[in-house]
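J.: Starting from the structure of chain A, add chains B and C where the hints point.
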Amino acid sequence: MKLKLITDKSAAGVMFSLTLLSLLLVVVIAAGLIFKSMPILEEHSLWELISSSKWKPARGEFGFLPFIVGTLWVTGIAILWTLPVALLTSIFLTENSKRWVKKAVFPILDILAGLPSVIYGVWGIVVVVPWISDWLAPMFVEFSTGYTLLTGGIVLGIMILPLMVSLFVELFSATPMEMREASLSLGATRWQTTKFVLLRKNFPGILATVILSISRAMGETIAVLMVCGNIVQIPSSPLDGGYPLPALIANNYGEMLSIPMYDSALMFAALILFVVVMVFNIVSRVILRRIENKYI
Amino acid sequence: MDDIKKGFFRPNQKFTTKVRERASIEVKDFNVSIGGNHILKDCSLTIPDKQITCIIGPSGCGKSTLLRSFNRLLDMTEDVKIKGQLLVDGEDIYASGVEITSVRRKMGLLSQRPCPLPMSIFDNIAYGCRIHGIRNKKKLRLVVEHYLKAAGLWDEVKDRLNTPAARMSIGQQQRLCLARGLAVEPQFILADEATSALDPISSKTIEDLFLKLKQDYSIVMVTHTLRQALRIADYVVFMYLGEIIEEGPAEQIFKNPQHELTKKYLSGAFS
Amino acid sequence: MKAKFIEEKVMKVVMALTTVLLFFFVGSIIYTIIKEGWPAMSWSMITDLPGGGFYIGKEGGLLNAIVGSLMIVGASTVLGLLVSIPVVFYLNVYLTPKSKLGYASRLAFDVLFGVPSIVYGAFAFTIMIALGLKTSLLGGIIVITLLIIPIFIRSMDEVARTMPRDILAATFSLGATRLQSVRVLVRQILPGIATATLLSIGRAIGDAAAVMFTAGYTDAIPTSLSQPAATLPLAVFFQLSSPIPEVQSRAYAAAFILTVIVLILSIGGRLITNHFSKNRIK
Numbered sequence: 000m001k002l003k004l005i006t007d008k009s010a011a012g013v014m015f016s017l018t019l020l021s022l023l024l025v026v027v028i029a030a031g032l033i034f035k036s037m038p039i040l041e042e043h044s045l046w047e048l049i050s051s052s053k054w055k056p057a058r059g060e061f062g063f064l065p066f067i068v069g070t071l072w073v074t075g076i077a078i079l080w081t082l083p084v085a086l087l088t089s090i091f092l093t094e095n096s097k098r099w100v101k102k103a104v105f106p107i108l109d110i111l112a113g114l115p116s117v118i119y120g121v122w123g124i125v126v127v128v129p130w131i132s133d134w135l136a137p138m139f140v141e142f143s144t145g146y147t148l149l150t151g152g153i154v155l156g157i158m159i160l161p162l163m164v165s166l167f168v169e170l171f172s173a174t175p176m177e178m179r180e181a182s183l184s185l186g187a188t189r190w191q192t193t194k195f196v197l198l199r200k201n202f203p204g205i206l207a208t209v210i211l212s213i214s215r216a217m218g219e220t221i222a223v224l225m226v227c228g229n230i231v232q233i234p235s236s237p238l239d240g241g242y243p244l245p246a247l248i249a250n251n252y253g254e255m256l257s258i259p260m261y262d263s264a265l266m267f268a269a270l271i272l273f274v275v276v277m278v279f280n281i282v283s284r285v286i287l288r289r290i291e292n293k294y295i
Numbered sequence: 000m001d002d003i004k005k006g007f008f009r010p011n012q013k014f015t016t017k018v019r020e021r022a023s024i025e026v027k028d029f030n031v032s033i034g035g036n037h038i039l040k041d042c043s044l045t046i047p048d049k050q051i052t053c054i055i056g057p058s059g060c061g062k063s064t065l066l067r068s069f070n071r072l073l074d075m076t077e078d079v080k081i082k083g084q085l086l087v088d089g090e091d092i093y094a095s096g097v098e099i100t101s102v103r104r105k106m107g108l109l110s111q112r113p114c115p116l117p118m119s120i121f122d123n124i125a126y127g128c129r130i131h132g133i134r135n136k137k138k139l140r141l142v143v144e145h146y147l148k149a150a151g152l153w154d155e156v157k158d159r160l161n162t163p164a165a166r167m168s169i170g171q172q173q174r175l176c177l178a179r180g181l182a183v184e185p186q187f188i189l190a191d192e193a194t195s196a197l198d199p200i201s202s203k204t205i206e207d208l209f210l211k212l213k214q215d216y217s218i219v220m221v222t223h224t225l226r227q228a229l230r231i232a233d234y235v236v237f238m239y240l241g242e243i244i245e246e247g248p249a250e251q252i253f254k255n256p257q258h259e260l261t262k263k264y265l266s267g268a269f270s
Numbered sequence: 000m001k002a003k004f005i006e007e008k009v010m011k012v013v014m015a016l017t018t019v020l021l022f023f024f025v026g027s028i029i030y031t032i033i034k035e036g037w038p039a040m041s042w043s044m045i046t047d048l049p050g051g052g053f054y055i056g057k058e059g060g061l062l063n064a065i066v067g068s069l070m071i072v073g074a075s076t077v078l079g080l081l082v083s084i085p086v087v088f089y090l091n092v093y094l095t096p097k098s099k100l101g102y103a104s105r106l107a108f109d110v111l112f113g114v115p116s117i118v119y120g121a122f123a124f125t126i127m128i129a130l131g132l133k134t135s136l137l138g139g140i141i142v143i144t145l146l147i148i149p150i151f152i153r154s155m156d157e158v159a160r161t162m163p164r165d166i167l168a169a170t171f172s173l174g175a176t177r178l179q180s181v182r183v184l185v186r187q188i189l190p191g192i193a194t195a196t197l198l199s200i201g202r203a204i205g206d207a208a209a210v211m212f213t214a215g216y217t218d219a220i221p222t223s224l225s226q227p228a229a230t231l232p233l234a235v236f237f238q239l240s241s242p243i244p245e246v247q248s249r250a251y252a253a254a255f256i257l258t259v260i261v262l263i264l265s266i267g268g269r270l271i272t273n274h275f276s277k278n279r280i281k
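These protein sequence lines map, in sequence, to chains A, B and C. The first sequence begins at 0 in numbering that gives the first Met the number 0 and counts up by one. The second sequence begins at 0 in numbering that gives the first Met the number 0 and counts up by one. The third sequence begins at 0 in numbering that gives the first Met the number 0 and counts up by one.
Mixed in with the good hints there might be a few duds.
To be clear about the criterion: a stretch of chain B counts as covered by chain A if any three or more of its residues have a C-beta under 8 Å from a C-beta of chain A, and this derived list gives those stretches [what the hints assert, rightly or not]: (1) 72 to 82; (2) 121 to 130; (3) 167 to 181.
Hint data in this document are derived by calculation from the structure and do not stem from the laboratory. Bear in mind that the values here come from a model prediction, so they are computed numbers and not experimental data. All C-beta atoms in this analysis are idealised placements derived from N, C-alpha and C, irrespective of residue type, glycine included.
With the rest of the complex left out, here is chain A (with noise of 0.2 Å):
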């Protein structure tokens, strides 16, 4: 057999195994975590573990309520502003401005993309939170410190924006330019065309790409942790603090091997991450792409 293709041959080989090497990582780090999540999942039960909210480690409490809950709260606030900001800008991006417009805009977005989510920590802590504890708060309560879980809503927001924003860009242009004239040949507005035709025919798009950021949004560790006050509670407002998954890891990393089951506990926070991230991950890319090879 000839050199040339013995070494193509191998090289394939080497590809090949390197490719499902990276392909088991994930399978890996799902047996990691719920190996390390088997003592405390043996103890209580998997409702108990989600529905408690007594959070007290060293006397064996373990209720991830409280942090759960923040997670969902903070999550929705960032997605509930972010959506409609986002698909807003999309439409103009896409439907309404001149190219000079996009130009600016794009490095925009990969700036925003790019910062390290510490940076936006900062901004978080120099700019939202007294912004929030000196101006909004005291509209609603007495007092806030301003490390609320509206500061770490906000600061999430600006962060998945950027993502949002370029799904919605990529979406957008690749609905056929003949639909929208279909809409503007019958005598409709620029609006209508978007609000009748686009949004409507990029719904199960417009899904998915949400459901992809909250997933993106609940995974965020550092700048939620630094803005949204790190309290065990069950929070009945945006105003007060809250603890989310993410925060509770990071925070307690240091002593989790000096309390017994904490560790477990620990690792059982990062499992619940990584299954709803995971789930919710598949799900829309196999919506979004589905929609890709429809179109191309």
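T.: Coordinates of chains B and C only, in the frame set by chain A:
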């Protein structure tokens, strides 16, 4: 067909042009350049009312651009420069302050590939009416039925009006698009190679529909199948490299072309 | 005027406003970092180690964090590229676009890409405990490599997939093996690889959650793989919570340096794309 023009569905008659005001499309020294390319050069012509006008010419000669400038879809492209006048019913549609939506509403567009909107068959037809403010369900049902009949589609789809339009065959989709265009009571029908993506039977159906519709509408179609123009055209415009070389009644152009290029094109020397 | 035109105008203004909002956010963030960070900057900030402990010592600079970050990111970039470039070629040259393995692995890389870095960190930490390792430079390098591989693969794969398959067919028809046609592919996607590398480095250098568990933090520059290493994001995170103003200003300085690095990487990436994209066949 009669009740279409009576404004049966639109008592105030705001958009449909009154018969005595009804004129046609007049193009005067019209120039278009896109991104520095001069696409239409000093085009002047008049589209006759209630006839089928075919714009013919080799590909890339600016036929589609001319057609798209009639309902200002050209505005969608970036870097477009337009000079000259385009009068529809005596009104320059490129003048400032013109309501683009009402201009576009006067023209139903049929594109190369049928493009149903992402909704049910019923909603596709009703879309235009809803856009223009008709919400009455009973009225909408009448409109939908009427125009589906006008496009010869009613019997085929009357049992599945609520299924997505994208599930129809491609020929049915094109007739749906025609019906959708008719439902906003236009005066012109613009067809941009509307049969090129269809099978022979479907395109015959569309052609027959055009022959029927020309009693009430002016139909402008771009085509590069000469035989189609021979079959249905009343008036023919021949374009070459962005210029209008020759125009006139079909018989005259086909039987007795004046210009050398027209003769060559008609004899099939280039296409 | 009619309601629909008013609605159109209003919506257009609102849309323009939300777009301006993006500029406002970026402006505000960069302004904040410069305003807080620039006064804290000095030569000794870049050239000195912190004196008297990073959390309480008032003296010194950030050299430990700068060197630590560069070591970790440099090493994991090299390791990451060694793994991800073959994988990208495998996905794009050896597998057909419809391949099931290709679909599954792209989905898996999407998932890996989405796994929060804190989960990577927690996972790597348990592995390290199981192996009896302490927080160390090596731990940081491994976890950042794991983190960076899906980013590399996804961004390069996106570039590689835009390449028309006809080019591959053309090289195959000249009798080239698949490995030889990889060379053609390389020439096509080289600028893409460069951009992807820069952007991924930007993400890796800014990641705090994963290195927190694995690399630890220290005042010294690590001299071997088994010693802990400081990193810039953690320099921000830990020192900002200190009650001492001098230490806090070190945190702002670290934030400033980090932002500058990320901005340079991001602008560099864009320049490369713009510069080379004219030579590419699309």
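J.: Each of the hints needs a verdict: does it hold here or not?
T.: Going down the list of hints, with the structure as the test:
Residues of the stretch 72 to 82 of chain B lying with their CB closer than 8 Å to a CB of chain A number 3, which satisfies the three-residue condition for coverage. Coverage of the stretch 121 to 130 of chain B by chain A holds [criterion: at least 3 residues with CB-CB distance below 8 Å; count 3]. Closer than 8 Å: that is the beta-carbon criterion, and the stretch 167 to 181 of chain B has 3 residues meeting it against chain A, so the requirement of 3 holds.
When each numbered hint is compared with the structure, no violation occurs for any of them.
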